[in-house]
Amino acid sequence: MELVPIEAPLRDEWMVLNSPGTKVPSHGTDYLAQTYAFDLLQVDWSQKSAKFYKKSILDYMLGQVRLNDCYAYGKPIYAPISGQVVESLDGHPERNPVQPFHDISVAFKNALFFDPDKHNLQDITGNFVIIQGEGMWKGVWAFLGHMKTGSVQVKNGDLIKSGDLIGNVGHSGNSTAPHLHFQLMDHPNATKAKGIPCCFREYELYQDNHWITVKNGIPKNKDRIRL
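Residue numbers (the numbering used here): 1 to 227.
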């Protein structure tokens with residue numbers, strides 16, 4: 001399947017997690033069109049543990065890390081493709097503070113027992129935006145999830161261009177840390193869609209103590225990239 005080039009949905013430095021550049025399906029399942037999905041997280045690169053929060057590990061384990069203590073929280077999210085917004089949902093609550101044991105248990109429970117016919121899809125996706133592509137992105141739908149509550153900037157029917165602000169990074173839905181979940185699909189309904197592989201049109205990769213420019217690349221798990 002041909003790779004679809006997309007614009008970066010974020011800016012600054014990020015750690016790549018659950019990348020199709022490392023394994024497919026990237027999230028361990030094809031369910032909800034996650035086959036080629038990415039997770040992008042901000043961390044403190046000066047720490048060997050690559051913490052995503054400003055407080056101590058003990059604070060994190062004790063559930064004393066607030067969302068505002070997390071590096072990625074609230075960072076702007078931009079449309080990776082041009083097209084029309086076909087669905088945008090906001091208002092789903094976030095868990096604050098971040099609680100590792102509870103957040104992991106929620107994710108585990110949803111992975112095992114979620115039924116789209118019985119449960120609210122936002123329990124998985126959190127606040128999200130789906131964009132139907134136009135032009136070179138025709139036949140592609142971009143999904144961006146786990147957004148900050150109250151941050152979604154677009155509504156159904158809006159025509160947008162790649163690079164337009166659509167919301168902010170959050171911790172809603174099936175999230176264990178404030179991050180962006182991004183994927184391309186072949187249908188607007190994730191329960192019916194299949195994933196579509198994509199590449200980033202251009203980004204920088206930190207490698208051997210310096211930055212190198214990558215064009216039409218797929219970053220791997222734990223890569224340090226600059227967008």
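Simulated from the structure, these hints should not be mistaken for laboratory data. Do not take every clue at face value.
[As the list claims (entries may be wrong)] No farther apart than 20 Å at their CA atoms in a straight line, the calculated lysine to aspartate or glutamate pairs in the EDC-like style are these:
| no. | residue 1 | residue 2 |
| --- | --- | --- |
| 1 | K222 | D208 |
| 2 | K109 | E87 |
| 3 | K51 | D115 |
| 4 | K54 | D115 |
[Stated by the list, open to error] Simulated restraints on C-beta separations:
| no. | residue 1 | residue 2 | range |
| --- | --- | --- | --- |
| 5 | K220 | P188 | 24 to 34 Å |
| 6 | G28 | D115 | 13 to 23 Å |
| 7 | W211 | N156 | 15 to 25 Å |
| 8 | V24 | V86 | 24 to 34 Å |
We put the CB at the ideal spot given by N, CA and C, even for glycine.
Earlier hints that do not hold, by number: Hint check: 2, 3, 4, 7 fail, others pass.
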